Amino acid sequence: MTRKIYDGPEAALEGLLFDGMTIMSGGFGLSGNPESLIPEVRRSGVKNLTVISNNAGADGFGLWMLLETRQIRKMIASYVGENKLFEQQYLSGELELELNPQGTLAERIRAGGAGIPAFYTRTGVGTVVAEGKPVEEFEGQLYVRESWLRADLAIVKAWKADTAGNLVYRRTARNFNPNMATAGKITVAEVEEIVPVGSLDPEAIHTPGIYVDRIIKSTINEKKIEKLTERKRETA
Amino acid sequence: MAWTREQVAARAAQELQDGFYVNLGIGIPTLVANYIPEGVDVTLQSENGLLGIGPFPYEGEADPDLINAGKQTITILPSSSFFSSADSFAMIRGGHIDLTILGAMEVAANGDIANWTIPGKMVKGMGGAMDLVAGVKKVIVVMDHANKAGESKVLERCSLPLTGAGVVDLIITDLCVMACDKANGGGLTLIELAPSVTLDEVKTKTAAPFAVAKELDKAA
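Residue numbers (the numbering used here), protein chains in the order written: chain A, 18 to 253; chain B, 186 to 405.
Heads up, some of the hints might be wrong.
Claimed, not checked - Using 30 angstroms as the maximum straight-line C-alpha spacing, the simulated BS3-like pairs for lysine-lysine come out as follows: (1) K240(A) x K309(B); (2) K240(A) x K177(A); (3) K101(A) x K399(B); (4) K306(B) x K91(A); (5) K64(A) x K234(A); (6) K150(A) x K322(B); (7) K64(A) x K309(B); (8) K367(B) x K322(B); (9) K333(B) x K150(A); (10) K244(A) x K101(A); (11) K323(B) x K150(A); (12) K399(B) x K388(B); (13) K150(A) x K367(B); (14) K91(A) x K249(A); (15) K309(B) x K244(A); (16) K306(B) x K241(A); (17) K323(B) x K388(B); (18) K21(A) x K234(A); (19) K64(A) x K306(B).
As the list claims (entries may be wrong) - So these bits of chain B aren't anywhere near chain A, every CB distance computed over 12 angstroms: (20) E244; (21) A271; (22) T383; (23) E386.
Think of the hints as simulated: they come from the structure by calculation, not from any bench.
Owing to the predicted nature of the structure, the values given are computational and were not obtained by experimental measurement.
We put the CB at the ideal spot given by N, CA and C, even for glycine.
Using the sequences plus the hints, can you model the full thing?
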């Protein structure tokens with residue numbers, strides 16, 4: 018049961034990368050980013066990528082690394098603020114951007130993994146998001162039709178994996194990762210800890226192993242905090 | 186005296202009811218959590234996948250795997266639960282959240298709200314705002330009554346690209362509180378004035394028609 022376990026980022030992505038491909042990359046901000054796999058995509062030099070991710074990294078971190086090398090041609094995201102490089106490349110016309118409402122993005126990915134080509138949502142009705150899309154009335158309310166998202170490759174970050182590929186995420190680092198894990202033709206997971214089968218509670222698996230093709234132990238696990246917010250301990 | 190940011194947040198907190206599930210936006214809305222009335226138990230949702238937001242962590246105890254939608258470090262409560270982004274927005278879109286409080290750049294008399302982009306100036310994205318205004322049962326906007334140029338942010342029609350059409354229930358600004366009758370196509374009613382703010386001042390500073398609640402009309 019160890020054929021899904023790979024030695025490192027290079028081995029895990031070998032044979033999977035090609036120019037013009039679509040990659041889903043997990044995370045919300047820098048939380049739950051595949052920190053070890055993104056640099057390997059960069060190192061490979063693969064280009065003209067369409068990247069689907071909630072955000073586009075932050076200065077110096079995450080998907081920013083692929084923006085810096087201009088490997089991304091198109092980004093599908095819900096929020097790309099706090100990223101000067103993104104703004105520059107977008108305003109200069111080098112980078113194509115498709116903004117999705119965050120819930121629509123998540124559901125498009127979920128639908129992609131679940132084999133549902135389209136669905137209707139109230140989100141975005143009467144806004145630019147609905148322009149050019151079919152709008153239909155159900156029980157007196159208008160809904161806009163959105164289509165699924167699928168990717169050639171999904172790269173995700175989990176906390177623990179067993180050798181069968183079952184994944185458990187940690188706290189809010191879960192976010193888009195389990196949804197994306199279902200929507201990649203191939204899904205590569207990087208995890209903080211690889212454990213033998215039988216170590217994880219089958220009742221508490223977040224991503225069943227069927228969705229996960231390759232697993233590595235994270236080689237980079239920096240987990241940069243974007244907005245450290247603390248309070249002082251009350252002194253009695 | 187107009188309300189301060191904190192007073193606007195405190196006024197918005199008066200709309201919280203015991204047992205509510207609530208999503209707070211970034212900025213003034215986040216401050217609302219500091220003014221939850223005594224005896225009112227609300228559960229805060231964070232759209233990145235947490236129900237039951239706790240206070241900020243003590244110094245040295247921040248966990249990079251535990252953040253809110255504004256990417257600030259937070260803590261959890263004994264009642265908290267985690268879930269994926271798709272599950273989080275199913276909760277929002279499915280109408281399970283009772284109340285959301287959001288900031289805005291413009292709000293219109295018909296209940297339209299614009300708070301995500303200024304064409305040609307700002308490339309950021311809507312994040313979860315469009316899902317929240319479309320899916321949450323009650324939508325409250327907290328904002329300054331006027332923009333930095335002194336122009337009314339309460340308008341007859343929004344000029345900026347919309348976040349949602351006909352979705353706003355209540356507007357709380359530094360000057361006043363206005364209700365929007367979104368179920369009937371819109372229409373604003375002034376229901377409360379900040380201390381020593383006059384009806385005339387609100388009339389002068391509002392670029393939208395509005396009715397005045399009976400109690401206020403008498404007072405003026």
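- Query: Which hint numbers does the structure go against, in order from smallest to largest?
  - Reply: The structure breaks hints 3, 9, 14, 20 and 21; every other hint is satisfied.
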